[in-house]
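Using the supplied hints, reconstruct the complex from the two chains, each of which is provided in its own coordinate frame.
As a plain string of letters, each chain reads:
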Amino acid sequence: EAQVTQNPRYLITVTGKKLTVTCSQNMNHEYMSWYRQDPGLGLRQIYYSMNVEVTDKGDVPEGYKVSRKEKRNFPLILESPSPNQTSLYFCASSPTGWDEKLFFGSGTQLSVL
Amino acid sequence: GQQVMQIPQYQHVQEGEDFTTYCNSSTTLSNIQWYKQRPGGHPVFLIQLVKSGEVKKQKRLTFQFGEAKKNSSLHITATQTTDVGTYFCAGLDYKLSFGAGTTVTVRA
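The listed protein sequences correspond, in order, to chains F and L.
So in this note's numbering, spot 65 of the first sequence is number 65, and the numbers just go up one at a time.
So in this note's numbering, spot 65 of the second sequence is number 178, and the numbers just go up one at a time.
Honestly, the hints are just simulated from the structure, not real lab data.
Nothing here was measured: the structure is a model prediction, and the numbers come from that model.
Any given hint might turn out to be false.
Capping the alpha-carbon separation at 20 Å, the derived lysine to any residue pairs in SDA-like fashion look like this [said to hold, decoys possible]:
1. L:K183 to L:T140
2. L:K208 to F:S82
3. F:K69 to F:D38
4. L:K149 to F:D38
5. L:K164 to L:K208
6. F:K101 to L:Y123
7. F:K65 to F:K101
8. F:K57 to L:Y207
9. L:K170 to L:K208
10. L:K149 to L:D196
11. F:K57 to L:S165
12. L:K208 to F:D99
13. L:K170 to F:E100
14. F:K71 to F:Q109
15. F:K101 to L:D131
16. F:K101 to L:S165
17. F:K101 to L:K169
18. F:K71 to F:S24
19. F:K101 to L:T192
20. L:K208 to F:Y10
21. F:K101 to L:Q161
22. F:K65 to F:Q3
23. L:K208 to F:R44
24. F:K17 to F:E100
25. F:K17 to F:S49
26. F:K69 to F:S82
27. F:K69 to F:G97
Here chain F is said to cover these stretches of chain L; the calculated rule only asks that three of the stretch's residues, wherever they fall, bring their Cβ under 8 Å from a Cβ of chain F [as the list claims (entries may be wrong)]:
28. 133 to 146
29. 186 to 197
30. 211 to 219
Beta carbons are placed, not taken as given, at the ideal position from N, Cα and C, and that holds for glycine.
One chain only, chain L, in its complex shape (with noise of 0.2 Å):
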């Protein structure tokens, strides 16, 4: 069945500085979506991939979408303590499953 990974779990940064998580997958995806929760919140959504090697912007955030559809990124650049939270990636092939998630931490 189609599995999604996701690395690493836990990311301590140093305010200002820059941190990448990654997302794989099994399976070729259709897209790959990607979620930020704040601790206590809920997921929100900040962005969906469909193309391959797709490549989008969010101001600091910067999304990856691999050539062959089975891997995905997320670039923060110049950390901030707005940052923090879990970021999740989602890829949908035949459904849609999440990874497991990546616990920002930042030291300022």
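Bound conformation, chain F alone (with noise of 0.2 Å):
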């Protein structure tokens, strides 16, 4: 089944302890990105990548990182998180960039004591 998989779907910790949330596609596509999603704000993006080794800010970077070493992952890390990191996380793909459809993962609910 073609999809977007991420871990964990939960996930509590506390300020400052290093953290990385997966996402995996099994589509082949070339173009992933990570949002967060807060009430009142929609859908803002961290990163995205069109390809592997490409990777670039979106419009709220701030205390994130990501890699693409490989093109079906695209991993999540926060060095050292603060509470006002607590958000829903989604990793989305889509096959060659944004002007397609993109392609959500069931999300990571992430809070930050």
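This is the structure we're talking about:
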């Protein structure tokens, strides 16, 4: 089944403890992206990648890192999480870019205490 | 910078009634996409509009793209409980920007 898989689904952590949220797609998509969703703010882009080894900042990249070493994987790294990074995170992919429909993962609800 | 505004933020609808959600951009868009997110779920692509003045229908859903390609609307007729969720528009100019969404609840 074609899908975008995110893990974990829920995560509770403490301030400053490094964490990684994984994202993997099995559709051979070139484009992948991370969003955070907060009430009243919609979906805001954190980082995106047009292809392997190519990543760019989105609208809210501060406090986040990403890597794209393989086409299928696009992990989101929080080196030193803070409470303002408590949010619902979505990974998304599309065949070539943001002019095509996005396929979203199931989401990761992160709470930073 | 590009901004996509979506109204209303909340829509409470009686089952069987119609409603419309609107999306407005500060810049001219190449295309606009619409997504639906069910409660507790993830956004799912509904449709993409590309041409000026374009109208597309999906059963009870009608999507329009404005003549100036700066606004769009989603109209749902005869609302059902299955329509519950948050509807997002996403406009593309030099990047894809999402609106804040319209959260729809339905009174049976």
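Each hint, compared with the structure:
no., hint, in the structure
1, L:K183 to L:T140, "6 Å, holds"
2, L:K208 to F:S82, "28 Å, violated"
3, F:K69 to F:D38, "29 Å, violated"
4, L:K149 to F:D38, "16 Å, holds"
5, L:K164 to L:K208, "18 Å, holds"
6, F:K101 to L:Y123, "25 Å, violated"
7, F:K65 to F:K101, "24 Å, violated"
8, F:K57 to L:Y207, "14 Å, holds"
9, L:K170 to L:K208, "26 Å, violated"
10, L:K149 to L:D196, "9 Å, holds"
11, F:K57 to L:S165, "30 Å, violated"
12, L:K208 to F:D99, "9 Å, holds"
13, L:K170 to F:E100, "19 Å, holds"
14, F:K71 to F:Q109, "24 Å, violated"
15, F:K101 to L:D131, "27 Å, violated"
16, F:K101 to L:S165, "19 Å, holds"
17, F:K101 to L:K169, "16 Å, holds"
18, F:K71 to F:S24, "9 Å, holds"
19, F:K101 to L:T192, "25 Å, violated"
20, L:K208 to F:Y10, "29 Å, violated"
21, F:K101 to L:Q161, "8 Å, holds"
22, F:K65 to F:Q3, "23 Å, violated"
23, L:K208 to F:R44, "12 Å, holds"
24, F:K17 to F:E100, "36 Å, violated"
25, F:K17 to F:S49, "25 Å, violated"
26, F:K69 to F:S82, "26 Å, violated"
27, F:K69 to F:G97, "18 Å, holds"
28, 133 to 146, "holds (count 3)"
29, 186 to 197, "violated (count 0)"
30, 211 to 219, "holds (count 4)"
Hint check: violations occur at hints 2, 3, 6, 7, 9, 11, 14, 15, 19, 20, 22, 24, 25, 26, 29; the rest are consistent with the structure.
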